[in-house]
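There are 2 protein chains.
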Amino acid sequence: MKHHPVLPKERILDTALRLFHEQGYNTTGINQIISEAGVAKASLYLHFKSKEDLGVEYLKARHKIWFEQLLSFTDESKKEKKKILAAFDFLIQINEKEHFRGCSFLNMLSEIQSDESQLLAIIQEYKQQLRTFFADVMENPKDDLSDTVYLLFEAAMQESQLFKSQWPVERAKKIVSDLYKLKYFK
Amino acid sequence: MKHHPVLPKERILDTALRLFHEQGYNTTGINQIISEAGVAKASLYLHFKSKEDLGVEYLKARHKIWFEQLLSFTDESKKEKKKILAAFDFLIQINEKEHFRGCSFLNMLSEIQSDESQLLAIIQEYKQQLRTFFADVMENPKDDLSDTVYLLFEAAMQESQLFKSQWPVERAKKIVSDLYKLKYFK
DNA sequence: GGTCAAATAGACCAGTCTGTTTATTTATTC
DNA sequence: GAATAAATAAACAGACTGGTCTATTTGACC
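First to last, the sequence lines map onto chains A and B.
Heads up: the first sequence begins at 1 in my numbering, then just goes up one per residue.
Heads up: the second sequence begins at 1 in my numbering, then just goes up one per residue.
It should be emphasised that the hints constitute simulated quantities derived from the structure, not laboratory data.
Careful, some of the hints might be misleading.
Copies of the same chain look alike in the list, so a pair counts if it works inside one copy or between any two.
What the hints assert, rightly or not - Mimicking DSSO-like on lysine-lysine, the simulated pairs with C-alpha atoms at most 27 Å apart in a straight line are:
1. Lys51 to Lys164
2. Lys142 to Lys164
3. Lys81 to Lys142
4. Lys49 to Lys9
5. Lys127 to Lys82
6. Lys64 to Lys164
7. Lys78 to Lys183
Between the sequences and the hints, there should be enough to build the whole structure, so can you do that?
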């Protein structure tokens, strides 16, 4: 096997990563995925037991990629304020790159029923990690303060998807910056 | 006609209002709508020319109901700060009533493609109205200040849907309240 | 009672959906 | 070269999709 540079399983996941994010989970059919991945349908069901299972792997992979990018992007800044503001710059960059498709996790959330608990639990876990990221960066451990940043960050992502524009991110970043000047986070 | 207390067209829209919000737009089929509305399929296509058309009417109706409720809920408070905080209480109430299904408009946004411009334009218009609502309530006309509230409000709605909990709303409300104490909005 | 529009049930269409199965080919390893 | 596993194409199932159409019934008004 594997004269092909990328294995079928990987090609499937890569394609799902792209299509689920670009078009949404329900809108994207299994047939489009296998066709664009250049893979047989039986191969998909060899590596993933169902579409929902592929959805789970999609969220896991997306989380890994997204979080690693965030960490490496913010790692350059050492001081708290700069690090926080860098997170918003990361958002601007990813909006640009992905044409304002917003957050994979929140998009998925809108598509699932409350009782599809597997997917919901994963989404909640990953968002909690983002929340913890901000809390860890900030020196003052009060939840109110780190959640101010977390909520503004989440809103920035959502609203830039909505308006297909960077203004919500720029605005949120400026608000956070102003709050630092006001010593709100001390 | 009309021995029935509610007209077919109205029953269809009422049912769509419920099902699209509870289950999502793509997940909800035309057949479920007509079945639960107790209406013939031909009747649906007599009053609405397509599912997307029904989707448009759904957004319009939802906007009307939601906004009227917000206005009547916040109307009792006369002072700026109380009015703003009342908006968050409204969110708590609607979360309770609708079991944390979040914002109809943002949920729809996640399901559509960027080029389904009719739906996107409507969603943008309604969110812009909400943004204007906060700007109008607040005395200091600086955009940064009213958008701080708008963004926190939006995040509160989204995150309470995500975590199926009121804490994001309570948290956002407290943050806004603290910012008033800090004279951030002056 | 006659007229007309609104609403009905339900068959039907052409596609799409996820998922299964079969039979064949490909590539690796011993 | 034989054995083994991975991947393939393609047919197939069964359910569901949005939408059209026909033939019939209902109810209101004159």
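Each hint tested on the structure:
In this homomeric assembly, Lys51 and Lys164 come within 27 Å of each other (Cα to Cα) only across copies, at 25 Å, whereas the closest approach inside a single copy is 29 Å. In the homo-oligomer, the alpha carbons of Lys142 and Lys164 lie at most 27 Å apart only across protomers (23 Å), although the nearest pairing inside one protomer, at 33 Å, exceeds that limit. When the C-alpha separation of Lys81 and Lys142 is checked against a cutoff of 27 Å, the pair qualifies both within a copy, at 16 Å, and between copies, at 23 Å. When the C-alpha separation of Lys49 and Lys9 is checked against a cutoff of 27 Å, the pair qualifies only within one copy, where the shortest distance is 12 Å, while the shortest distance between copies is 42 Å.
In the homo-oligomer, the alpha carbons of Lys127 and Lys82 lie at most 27 Å apart inside one protomer (22 Å), although the nearest pairing across protomers, at 31 Å, exceeds that limit. In this assembly of identical chains, Lys64 and Lys164 lie within 27 Å of each other by CA distance both inside one copy and across copies; the values are 25 Å within and 24 Å between. Within a single copy, Lys78 and Lys183 get their C-alpha atoms as close as 19 Å, which meets the 27 Å cut-off; across copies the closest is 30 Å, which misses it.
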